[in-house]
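Construct the complete structure from the given sequences, taking the supplied hints into account.
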Amino acid sequence: MNYDDEMLMAYADGELDEVLRAEISAAITRDPVLARRVEAHRALRAEVAGAFATVLKQPVPEQLAARARGAAPAAAAEAPRGNVVQFPARTTRPPSTPWRAREWLAMAASLVLGVFITWKLLTPRDATLVAVRDGTMVARGALAYALDRQLASQQTGAEPVLIGLTFKTPEGQYCRSFTVTAAGTAGLACRTSSEWRIPVIDAAPASGGDMRRASAPPPVVLQAIDARITGEALDAAAEENARNAGWDIARP
Amino acid sequence: MTAVPEEIGESIVALLPRLRRFARALSRNQHDADDLTQTVVERAWRNLAQFRAGANLAAWMFGIMKNVWIDNRRAHGRRAEVALPEDSGEHPAVSPVDTETTLWSVSEAMSKLPEEQRLAVALVLVEGLSYKEAAEVLEVPIGTLTSRLARGRTALAAALSGEERGAVT
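These protein sequence lines map, in sequence, to chains A and B. Per our numbering, the first sequence runs over residues 20 to 271. Per our numbering, the second sequence runs over residues 62 to 230.
Keep in mind that the hints are not guaranteed to be accurate.
What the hints assert, rightly or not - Think about it this way: if two alpha-carbon atoms lie no more than 30 angstroms apart in a straight line, the pair counts; the simulated DSSO-like pairs of lysine-lysine are: (1) B/Lys-193 x B/Lys-173; (2) A/Lys-76 x B/Lys-193; (3) A/Lys-76 x B/Lys-173.
Hints are computed from structural coordinates only; laboratory data are not their basis.
Encoded structure:
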């Protein structure tokens, strides 16, 4: 009886149903070549598993455990990754005020609107809504939460963040326009690598008293939408489906 | 939304050894692995709203790690691949049975696998996930997972047996 390699691999991994398992077990007792092939799969598995098992016994770095408990990353944590010198630099967590100042600075350097917007977006409780990383703005806190969860069709108007349009780009990426009501700012956020990146943000025009809907976005935001949208904006049902699917597009 | 942050935090801390091991299986050295793990932990906190209560936290975080790892590789090209292991502190030690030597040689062999095969091998052989669990993390049909796993194993076996004959390059 001939068994292909995938079948023998699944047997060695204990992935076959009882019938097939019994059949191959019996065949192995009769065929030493088959037995050796199964044994080779088990040996390789044991070697690979054993090699990496040593990692489990190593102590977990302190800063990693702190981050796992939800500690805010230090300023350096948002620097480009993969650089050997980056990681140790993250061990200390600077006090929040200098960090915020540094964030303001980064923003001012990367954006014409920088300081103004940052000041507007930071509430007195230091609930940062936008972080800058590699010169890209990324939604945080209540803004990230609203972009993740909030449906334009179910807004009461009392939300700190109001969602406007939700649409797809030609690449299949989701983008959502938003207004931060308390800050008087509006922008566009696009879903990239499981986060909301913000290509544009600007001061929002005064809303005409109707707080149930986000007021018309400022011109730069409209231009950003026009440059990205493909087809129509999502309707309520499509918006809800996209949210429930986690906003992620299928990977090729 | 309903999750208590402290509880989630402790659950993530409890997962760290496995996350580091999975990351190590995808990276060339422990340093890069810890960098990857930290990015995953930070992203998990940012995207906690997407985690459905009662779902498997380990599987969810493995999925994030897969995405972050693939994104990093796309972003940085293959630069990490040509990096010499000099700074990893994981050179083969004198004794051929030294565990660090095994880790180093298996890791080197893993690093030569195509991305998709490396992920399959890391999830099933290193992390011990079932085929079904691994297929879910990778968001592929189970048949795709098994064929990637089989091809990855064949290549890995060839690379490792080559090394055992003294062909350490």
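Hint by hint, here is what the structure shows:
Taking the CA atoms of B/Lys-193 and B/Lys-173, the gap is about 25 angstroms. The hint holds against a cut of 30 angstroms. Using a Cα cut-off of 30 angstroms, the hinted pair A/Lys-76 and B/Lys-193 holds, with the two alpha carbons roughly 27 angstroms apart. Only pairs whose Cα atoms come within 30 angstroms are accepted, and A/Lys-76 paired with B/Lys-173 is accepted, the gap being roughly 26 angstroms.
Comparing the model with each earlier hint shows no violations; every hint is respected.
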